[in-house]
Amino acid sequence: MAETIARTVTFHVRRFEPGRDREPRWEDHRIEVLPGMTVLDGLWKVKELSAPSLAWRSSCRMGICGSCGMLINGRPRLACNTQISELASDVVAVAPLPNFAIVKDLVPDLAPMFETHRELLPYLVRDDTAEQDDPTREYWQSPHELEQYLQFSYCIKCGCCMAACPTVATDPQYAGPMPLGQAHRYNSDTRDGGFSARRQVLAGGSGPWRCHFAGECSQVCPKGVDPAKAIQLMKRELVLDLLRLRRRKAPAAVAEAPHGTPREGIAAPPARTVTPEA
Amino acid sequence: MESRGHPNRLGIRGWVGGGRWGFERYLYTLHRVTGLGLLAYFVLHIFVTSSRALGPEAWDQAMGVVSGPLFMIGEYLVFAAFAFHAVNGIRLAIIELGYAVGRPIEPVYPYATSVGRQRRLARAALMIAAVVALWGGLDFFVLA
Amino acid sequence: MRDRTLWTWHIGAGVVILVLLGLHMAIMHLDQSLGIFGTPGAEPVEWESVVARAGSLFFTVTYVLLLGAALYHGFYGLRNILLELNPGPGIRRLVNVGLTVIGLGLFAFGTWAALAAPGAASMAMGG
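Protein chains in written order, with this note's numbering: chain A, 677 to 954; chain B, 4 to 147; chain C, 11 to 137.
Derived by calculation from the structure, the hints in this document are not laboratory data. Check before you lean on any hint, since a few could be wrong.
[What the hints assert, rightly or not] Partial list, derived from the structure: chain B residues whose beta carbon lies under 8 Å from chain A:
#1 13
#2 48
#3 99
#4 105
#5 114
Note that CB positions come from ideal geometry on N, CA and C, so glycine has one too.
Chain A with its partners taken away, still in its complex shape (with noise of 0.2 Å):
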């Protein structure tokens, strides 16, 4: 039988007008859903039906962008990311992630976040600047090197993690999992040599040492990426290094040119069947 069997949901939306509101308040929508629709179908579907002022950020809808992070039915997630039949309720609440100012209704404000990345110097921090100008060759690198800190490359900055962590919620100096983890992200880069200069920030009051492992960060993550254990990884390094027993490596180099006489019996290219255009 090819039924859709469609069902009555309640959004329990959190709702905030800067400069007309001075507290967020509940607002309820009851919409229609089908079977497959995720919370940001339902958004959508509430924007058309009954609260066509309501704001929020999404924009890939397939959870690779890391705009649509809110709290949902308690817990932070990516609204495109959850499905309404996994929350197993007839109400889905939703708010703006917790640790952030608001902007409008579910319209977190991320800059604090980004402004505390952009102090651990998320790039990768080495001498020779004339070759990152105008590269000859890729650095050399091997997949073990790789497999270092490949995991915590997948973060999307969704913000969910800092939603979670009980320290973020009240030390609003404390940097968070995600520019923490992306300090680390890049620390064990091999291809990159700006550990004493992130050691300033990371060494400091606002470093990985407000974080006591609840772990909360890395359950919350909607990549994976595991940013508690990328902090724990640092407290490692960054103790090593206090100890003067961390291993200092220079910065990846660049890979040489591959030399020796070429191959015998391989095929030479095929001609150019379409000329480019001059």
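Since chain A is already given, all that's left is putting chains B and C on it; use the hints.
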């Protein structure tokens, strides 16, 4: 960008309301509570035991004050708090130096996080703490 | 840069406390089942045992070590809990300086009490 938005900060209410409450969060909170309790007891303990320098009468008097049934139960709670805080502390020292949390891996859903990796250690720690606390209870209330 | 150093000492102090306080708990509270280091016949808290431990170099040294490690470990923890509430710079300074002063004061007092012969203060006061 100036936002007249709502600050949405929890401050000290974050101790109870902030973040999520999984198993490790409870351990974290209990570790803090036992730590503060032990610190408070410890400061008092320094004063009580320093009565040794005042001679046997002062000592016996101090011991008399802390021997009532209420104090016995309190001292046992201190022992139990120590059992938990010490064993969980060992677990935290191991984890926060980056051991027992696993290596960086390719994240394949459902994700095997560091929290899952250390869950066995956390359970073992809790069981050892319970055994030590029970052993203390035996000594405090049964054998004494 | 200081927080990294303070934290590392915190872990080190924790290990020291684990050993010494574990020993202390075993002597004082597991005496019925273990009976180690006890004065035969006397409870660990009776004056006789107290005097015996006061005369032992091992106990005096380990008491002072435990005192120092536990005061550092405990006050660092309290300092962190207070500073995580993000007070203003004035209170931050007060917490850092105040807890250091109280901690050092308690250490001085405790060390004196550990090193003083039992009853020495009473006799000094003519009691």
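Hint by hint, work out which the structure violates, then give me just those numbers in ascending order. Checked against the structure, the only hint that fails is number 2, while the rest are satisfied.
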